[in-house]
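A.B. asks: Read off the chains here:
There are 2 protein chains.
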Amino acid sequence: MLTLHYNPLTVAPTIAIVLEELGLDYTAVLVDFVTKAQAAPAHLALNPKGRVPVLVTDAGVLTETGAILYWLAAVHGPHLVPADAFQAARMRETMYYLAATLHVNFAHALRGARWADRQASWDDMTAKAPETFAASLAYLEGHLDLAPFVVGDGYTLADPWLFVLTAFASRLKIDVADYPKLAAHQAMMNDRASVQAARAKGVLA
Amino acid sequence: MLTLHYNPLTVAPTIAIVLEELGLDYTAVLVDFVTKAQAAPAHLALNPKGRVPVLVTDAGVLTETGAILYWLAAVHGPHLVPADAFQAARMRETMYYLAATLHVNFAHALRGARWADRQASWDDMTAKAPETFAASLAYLEGHLDLAPFVVGDGYTLADPWLFVLTAFASRLKIDVADYPKLAAHQAMMNDRASVQAARAKGVLA
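Protein chains in written order, with numbering that gives the first Met the number 0: chain A, 0 to 204; chain B, 0 to 204.
Honestly, the hints are just simulated from the structure, not real lab data. Check each hint, because a few of them may be wrong.
Unchecked claim - The calculated BS3-like cross-link candidates involving lysine-lysine, where the alpha carbons are at most 25 Å apart (straight line), are:
{"#": "1", "chain 1": "B", "residue 1": "180", "chain 2": "A", "residue 2": "48"}
{"#": "2", "chain 1": "B", "residue 1": "35", "chain 2": "B", "residue 2": "180"}
{"#": "3", "chain 1": "A", "residue 1": "127", "chain 2": "B", "residue 2": "35"}
{"#": "4", "chain 1": "A", "residue 1": "48", "chain 2": "B", "residue 2": "200"}
{"#": "5", "chain 1": "B", "residue 1": "127", "chain 2": "A", "residue 2": "127"}
{"#": "6", "chain 1": "A", "residue 1": "172", "chain 2": "A", "residue 2": "127"}
{"#": "7", "chain 1": "A", "residue 1": "35", "chain 2": "B", "residue 2": "127"}
Input sequences plus hints: build the corresponding full structure.
C.D. replies: Shown next, in the form of structure tokens:
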């Protein structure tokens, strides 16, 4: 039994796409940010960090996108990690960059209050976020294989994560078409049955 | 042949500690931030992101602490990852939190220019960083096993990373003694031969 707590405007749909990719049964529970459900006691009991995704498994509760993806691959889909250790490390290199740089750059557009106290600082961060997000997209465009996948010629855990975060670009008025390899990756991922299934269920916006 | 590009004031000593823990031969190359060596062509050729750590291996160049740790464990030290998949995922959960939350909170003390353009915004971030870093330490104190290790009763990849980042607290005038389990973890790690060896080589401050 797997239960995914998600919000479609976050990175959480990454997990749904992989659940669909693996053909696993799961229940999807919307964490409504409009009603601040992420800060309600029921959610904090699952994840004291007040974030999504959260995956409830028979073994226990997991948070952090990268850790949930790791567990899904380890238990249900080892083919989602390259067999070669160096290629697998390159996949992780992208995953850590997505978590700690690309996503963090995006967060400054909306969540400046995490790191500063004044409205003027938040406005400054919001104004700069498109520049830092675009710089990260340029780095990814220039340095990932994307031929067509993030690492080599196989679909791995890094692909759905890159797909979900790259799609945030439009919220910063950035046109992914300016990054041809990333745009091709977006198009390829949109065609996959797993992405379409997650979207049909409303988990992916 | 392994070459670690590091700076002792960054997270890069984490990699040196694990190299020492595994008894691997390596060359340590200081990337001097005073002379902005991290932005010099020689370093950017290795890591276009202009950061450390970078590990040069016979298989290729790796960046991102979490990816380098993954590779070291996969190739040289599988005992540094819990055998149980759920426990291994809990280790990854901490690793992603360290990379994307604790380290990011610290970075706002010094690196506000990454995310905002105005001096007043940087000052605001610098002023708030001790609060957010302390909140992250409180989360870790409250939710990690730390009995005595991050996950269960064995030393894993998460331990040296937690050790190195927790030590940043003093730079924000935070006393780790206020977090008894983290303080005990710091003391335990300081006693390990691997930490002492990294410090003797000047890789760890």
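A.B. asks: Each hint should be assessed against the structure and marked as holding or not.
C.D. replies: Right, here's what the structure says about each hint:
A hinted pair counts as satisfied when its Cα atoms are at most 25 Å apart, and residue 180 of chain B with residue 48 of chain A qualifies at roughly 19 Å. Taking the CA atoms of residue 35 of chain B and residue 180 of chain B, the gap is about 37 Å. The hint is violated against a cut of 25 Å. Of the pairs offered as hints, the one joining residue 127 of chain A and residue 35 of chain B holds, with about 24 Å between alpha carbons and a cut-off of 25 Å not exceeded. For the hint pairing residue 48 of chain A with residue 200 of chain B, the CA-to-CA distance comes to about 37 Å; that exceeds 25 Å, so the pair is violated.
A C-alpha spacing of about 19 Å is found between residue 127 of chain B and residue 127 of chain A, which places the hinted pair at or below 25 Å, so the restraint holds. Simply put, residue 172 of chain A and residue 127 of chain A have alpha-carbon atoms about 12 Å apart, close enough for the 25 Å limit, and the pair holds. At roughly 24 Å between alpha-carbon atoms, residue 35 of chain A and residue 127 of chain B fall within 25 Å of each other, so this suggested pair holds.
In summary, the numbered hints that this structure violates are 2, 4.
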